[in-house]
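All chains, full assembly: derive it from the sequences and hints.
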Amino acid sequence: MAEVKLFRAWSSPFPLRIVWALEVKGIEYDMIYEDLSNKSSMLLQYNPVYKKVPVLLHKGKPISESLVILEYIEETWKSKTPSLLPGDPYQRAMARFWAKFGDDKILPLIWEAFIKQGKDQEEALIAAHENLKYLEVELRGKKFLGGETVGFADLTFGWLANLVSVFEEIAGVTLIDHEKFPLLLTWMKNFMDAPKIRETWPPRDKLINHFRALRETLIAKEPK
Amino acid sequence: MAEEVVLLDFWASMFGMRVRIALAEKGIKYEYREEDLRNKSDLLLQMNPVHKKIPVLIHNGKPICESLIIVQYIDEVWNDKSPLLPSDPYKRAQARFWADFIDKKVYDTGRKLWTTKGEENETAKKELVEIFKTLEEELGEKPYFGGETFGFMDVAFVTFYSWFYAFETFGEFSMEAEHPKIIAWAKRCMQKESVAKTLPDRQKVYEFALDLRKRNLGE
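Note that the protein sequences, when read in sequence, are chains B and D.
Under the numbering used here, the first residue of the first sequence is numbered 1, with each subsequent residue one higher.
Under the numbering used here, the first residue of the second sequence is numbered 225, with each subsequent residue one higher.
For the record, the hints were derived by calculation from the structure and aren't laboratory data.
Since we're looking at a predicted model, the values are computed, not measured.
Just so you know, even glycine gets a beta-carbon here, dropped at the ideal spot from N, CA and C.
A portion of the hints provided could be inaccurate.
[Said to hold, decoys possible] Here are the simulated distance ranges between beta carbons:
no.	chain 1	residue 1	chain 2	residue 2	range
1	B	40	D	358	18 to 28 angstroms
2	D	414	B	122	41 to 51 angstroms
3	B	45	D	350	47 to 57 angstroms
4	B	35	D	404	37 to 47 angstroms
5	B	214	D	306	39 to 49 angstroms
6	B	203	D	347	52 to 62 angstroms
7	B	208	D	306	51 to 61 angstroms
Take a look at the structure:
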């Protein structure tokens, strides 16, 4: 039994970042799947503040919030390569900046564009593109945001690689087109081809069924 | 090489204050530049094109944005004195988690006190009470959130102390009565020169918030 346990939900992109980090560093761990509609008492005990996944349990002590967990993994298993964060403080600050930008801006806007329709969808997409432009610029001359290998910020944006095409298929809209975002699309391909990434992500057909059902529920709830 | 440190900031920003406290803790000399948030300087727009917000720390010409990221940067570069983050990875994770909690919860909910009316406002008040209760539980009997010494999480939260008077007045409650542990902790932090010299006068902050409310709610 491993001294590291990860509480996750199979479809959620946040715990997947942690799976990737642990796999890439070769850290042994046990996976505990949560049904988010029926959360276990253990999860509620380990993350009483947010009651969410992911939660990393290391030697019995819980850590919550994916970006906090990634930094913890990096600092605790210092000798395990590859490093997720560079050594230089300025480069570290940049990696943290882009990761936060992804979660604060890109993810919510792409999600909005996916679950909304009509004018709301159009507006969300415009806002998403406005913000994605900065990412496109940042990717100039880089294979990954972390440089030659996948790093902290890449793991945070990783959901683009497997979920964007799922969202596009379900909603019947192009979220990231190759004319406006050629570097981003290249990054998505490089990310998916990086070690341990594609082999650990959930099967596409399951994701499509799950997010299609979720989208329909959310659309049905919208005030008319 | 002489270090050149410039801070683009706004006097009432609890985010900017975090950076000022960190710089003071480390004894770093810097140039403070006040931004007019309704007429942002070219320098700000150039240094933070993504968010166009303060605070921005410019170190030897290179910008760092987002207050908690800046504070970590300061801690890592000027690591010879007054460490803000603890050395133990688990304690560091706890500090980061709670600082992030402040950003996610205190600011957004507190803001609603002067940007909303009616039911939304009432809900915000109730949520804020719960948030402060959670924070008091986390503080427990410790002198600081970080434990025995003033640290990252304390820096993240203490800047809101200058806004408590505004919260109390708009929310019609007393922090001292409802959340005495937080007030005791804040007063303890105010004994530190870096905090006392950074936090602006609460009346000034309240008047600023009142003005924000007028502009938001058109009163």
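Taking the hints in turn, this is what the structure says about them:
1. Remark: the range hint 18 to 28 angstroms for residue 40/B to residue 358/D is upheld by a beta-carbon distance near 21 angstroms.
2. Hint check: residue 414/D to residue 122/B, Cβ distance near 49 angstroms, so the stated range 41 to 51 angstroms holds.
3. In this structure, residue 45/B and residue 350/D break the distance hint of 47 to 57 angstroms, their C-beta atoms being roughly 25 angstroms apart.
4. Judged by the Cβ atoms, the range 37 to 47 angstroms given for residue 35/B and residue 404/D holds: they are separated by roughly 40 angstroms.
5. A beta carbon spacing of about 47 angstroms between residue 214/B and residue 306/D agrees with the range 39 to 49 angstroms that was offered as a hint.
6. Separation of residue 203/B from residue 347/D is about 40 angstroms and departs from the stated range, judged on CB atoms against 52 to 62 angstroms.
7. For residue 208/B and residue 306/D, the hinted distance range of 51 to 61 angstroms is satisfied, since their beta carbons lie about 52 angstroms from each other.
Of the numbered hints listed earlier, those contradicted by the structure are 3, 6.
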